[in-house]
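With chain F fixed as given, assemble chain V onto it according to the hints.
Chains as they are written, first to last, in our numbering: chain F, 1 to 205; chain V, 1 to 383.
In short, the hints are calculated from the structure, not lab data. Among the clues, some could well be false.
Once the Cα atoms are required to be at most 20 Å apart in a straight line, the calculated EDC-like pairs of lysine to aspartate or glutamate come out as [claimed, not checked]: (1) F/106 <-> V/179; (2) V/350 <-> V/337; (3) F/5 <-> V/164; (4) V/95 <-> F/107; (5) F/98 <-> V/116; (6) F/89 <-> V/179; (7) V/354 <-> V/376; (8) V/135 <-> F/144; (9) V/259 <-> F/165; (10) F/106 <-> V/39; (11) F/98 <-> V/112; (12) F/89 <-> V/116; (13) V/259 <-> F/79; (14) V/111 <-> F/18; (15) F/106 <-> V/112; (16) V/259 <-> V/283; (17) V/111 <-> F/107; (18) V/329 <-> V/349; (19) V/111 <-> F/105.
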Amino acid sequence: MTQNKTYIKSYITIQNNEIVLNGNSVFKIEPTDFADFSKQAYRNFEMQYPKFFKMDALSKLAFLGSELLLSPITSTEQENNIALVLANKSSSLDTDVKYQESISDKENYYPSPAVFVYTLPNICLGEISIRHQLKSENSFFIFDAFNTEFMSNYSNILLNTNKADVVLCGWVEYFNDNYKAFLCTISTEENAKYTNETINTLYNK
Amino acid sequence: MLREIYITETNCITPLGFDVESNISAILRGDSGIQLHSDVSLMPNPFYASIISNEKINNAFAKISTETKYSRLEKMMILALEPIIKNSNVELNSKTAFILSTTKGNVTALKDNSEESFNSAHLDVLAQNVADFFKFQTQPIVVSNACVSGILAVSVAKRMIQSELYDNIFVVAGDEVSEFVLSGFNAFQAMSELPCKPYSKNRTGISLGEATAAILISAKAKNAKIKVIGDSSINDANHISGPSRTGEGLFRSIQNALKEAQIEANQLDYISAHGTATPYNDEMEAIALTRLDLQNVPVNSLKGFYGHTLGASGLLETVIAIESANQNKLFESKGFDEIGVSEVVNVIEKNEEKNIEYFLKTASGFGGCNTAVVFEKVKHELH
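Same shape as in the complex, but just chain F:
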C-alpha cells in the first residue's frame, strides 16, 4: 500500500467543564453536571440544531466536538467525504443502564424506543453524519483505553486507499457523568502546524 504521510489538521478536547480547540481554551464554566455543561456549550456557540436536545449524553458529547471541528470545513454546496472513526471504553452503557432500569421492574415496565435506539455506540456517528450530511465511511470501535496506534493506522488506511479525503478520528467516552472527548481531523494535506504531533501526543497533552 502506498503510505502517504498524513497530517493532523485540527483537534479538540472536551473534559472537566472545558472545551480546548487546537490547544486554546474556547469554553470553560464552573463545575456542573454534563447535562448543564453541554446545554451551556451549545448555547455559547449558537449551534441552532434542536435535535441536539433529543440525543443521549454520548451523542451530545460527540456532536459538540465534531461541530467545532467540522463546521468550518464542511459545506452544504458540495459532497464532503469525511470518514468518522470513533472509539470508547463504555460503549453505550450509560444509556444501556437507563434502558435496563425501564424493563427490570415488571410493575413499572416502560421500554421506550426513543431510549432503546441510543443503546448502540454508533448512533453518535449517525447523528454527526446527519448534521453534516456526511455520506461517508463510519465505524465505531471499543478498547479498554484509547488505542491511538490502531486509530491512526485505521485512519491512514482510509486516506491511503482513497476511501476518505479527511478522517474525523477520536475517543468519546461517557459513563455516569464522567466524560472525555478527544477528536481530531486528519488528511494527507500538509499542515506545518502539527508536523511532529501525533494523536498520541495531543491526546495526552
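This is chain V only, laid out in the frame that chain F set:
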C-alpha cells in the same frame, strides 16, 4: 499493488448446528431455527425467535474446557473459534490480530447489580476474556456498529491486512436473544407475530435470533475458501432509526465495493442481502438494488432460517454464502411467498444449482449504517 485477501477458515454456532456442514444440511432440508417460545423471563407474551439450547452449549463447551467462569455468549464465541484456530495452525503472534464484533455483548449481565457483573457487560472485557482463552498476543479490536458489525468486521480485517499491519486476523461475531433486545424491538413495534417473511407482501417485522460465527482472514491463499475483493460502508446521513427512502447509503456502499473489486454489476451471480422483514428495510434494499440495475440477480435473506442475529448476522450469512458459492447452490429465501416490495427483485424461491463466481454481501442498521462486501471464488490450480 495491494495484497490479496482470503478467507481460509469458517465456522458457526447456531440453533441449526454447531458446525458449517450441519447448518448447510439443515438449510437444504428447509429447517428453521425460529420457534415459538414462552418464557416470561424474556418476554411477557409468547414470541418467535431462533434460540440455542443451553444444554447444547454447555455440553459442547465441556468437551473443550472445564472452566466455569465464562458467560453463555463467551462460550458460544469460544466454540466458534476453537476448531478454526486449531485447524489453521496459525501462530498467535504479533502479526495475528483478533477482531470481535457484537452489538450488545454480555448485556444480560446488567440484570445483576453487582460491580463484577457490571464490569463483564463491557465489550472490551468480553473480548479480552475470549482472547485470553486462546492466548492471543495482540490487543483485541471490538467492532460495534449496530447490525452491520459482523460484515464490517470483514472489511476492517481486510483493510488491516492490506496495510501489512497483520498477516492473519481471526474474526468472531456474536449476539444473544435477551430481554433487553426483545423489549426494545417490541417497543419499536418491529417484531413479527409469526416467523419473519423477508421481502414478502405480508411481512410485518423481524424475528430475533442468536448465533456466533468465526472466520480466519489471511494474506495467504493456501486452503482459501473465498477471496475478498471490494468493500465499503457508507452512512445514509438521513435518520438514526429508519432506513433512507432512496437507499442512498446502501447504493453507494455497493457501488464503491464493485468499483474496488473492478467488476461490473452484471457480473454478480448472487446477493446475500440483509432482509430483516421490516416493511421499510426490505423496501429500501429493493430500491437500492434496482438503482444499481441488480434486480435480476438472485437474492436471499437468511433471516427466515436464523432470525435477525444482530451483530452476528453479517458474518454468519457470509459463512453460509461462501458455502453457497463453493457448492454452486442458491439457497431458498425462507419465509418468502408473494413479492411485497415496490421494485422487482429476484428472490430465490427454492434451492437451485447455479455457477457462482462473484457474490455480494450487504447489511444495514440503526445509525444509518450500511456495508457491502464483494467476494470472488478462488480458482485452485490443479497439480
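Tested hints:
For the hint pairing residue 106 of chain F with residue 179 of chain V, the CA-to-CA distance comes to about 12 Å; that is within 20 Å, so the pair holds. Under the criterion of a C-alpha separation no larger than 20 Å, the hint pairing residue 350 of chain V with residue 337 of chain V is consistent with the structure, at around 11 Å. Among the hinted pairs, residue 5 of chain F with residue 164 of chain V is consistent with the structure: their alpha-carbon atoms are about 16 Å apart, no more than 20 Å. Only pairs whose Cα atoms come within 20 Å are accepted, and residue 95 of chain V paired with residue 107 of chain F is rejected, the gap being roughly 53 Å.
For the hint pairing residue 98 of chain F with residue 116 of chain V, the CA-to-CA distance comes to about 18 Å; that is within 20 Å, so the pair holds. About 24 Å separates the Cα atoms of residue 89 of chain F and residue 179 of chain V, which puts this hinted pair outside 20 Å; it is violated. Straight-line distance between C-alpha atoms of residue 354 of chain V and residue 376 of chain V comes to about 15 Å, which keeps the hinted pair within the 20 Å bound. A distance of roughly 17 Å separates the Cα atoms of residue 135 of chain V and residue 144 of chain F; the hinted pair therefore holds under the 20 Å criterion.
A hinted pair counts as satisfied when its Cα atoms are at most 20 Å apart, and residue 259 of chain V with residue 165 of chain F qualifies at roughly 17 Å. Our distance criterion of 20 Å between C-alpha atoms is met by residue 106 of chain F and residue 39 of chain V, whose separation comes to about 14 Å. A threshold of 20 Å between alpha carbons decides the hint, and for residue 98 of chain F with residue 112 of chain V the separation of about 14 Å falls inside it, so the pair holds. For a cut-off of 20 Å, the pair hint linking residue 89 of chain F to residue 116 of chain V stands: about 16 Å separates their Cα positions.
Distance hint between residue 259 of chain V and residue 79 of chain F is fulfilled; the C-alpha atoms sit about 19 Å from each other, no more than 20 Å. Of the pairs offered as hints, the one joining residue 111 of chain V and residue 18 of chain F is violated, with about 35 Å between alpha carbons and a cut-off of 20 Å exceeded. Under the criterion of a C-alpha separation no larger than 20 Å, the hint pairing residue 106 of chain F with residue 112 of chain V is consistent with the structure, at around 15 Å. Using a Cα cut-off of 20 Å, the hinted pair residue 259 of chain V and residue 283 of chain V is violated, with the two alpha carbons roughly 24 Å apart.
About 16 Å separates the Cα atoms of residue 111 of chain V and residue 107 of chain F, which keeps this hinted pair within 20 Å; it holds. Proposed proximity of residue 329 of chain V and residue 349 of chain V is supported: the alpha carbons are some 13 Å apart, at most 20 Å. The hinted pair formed by residue 111 of chain V and residue 105 of chain F meets the criterion: a straight-line CA distance of about 11 Å does not exceed 20 Å.
When held up to the earlier numbered hints, the structure conflicts with 4, 6, 14, 16 and fits the remainder.
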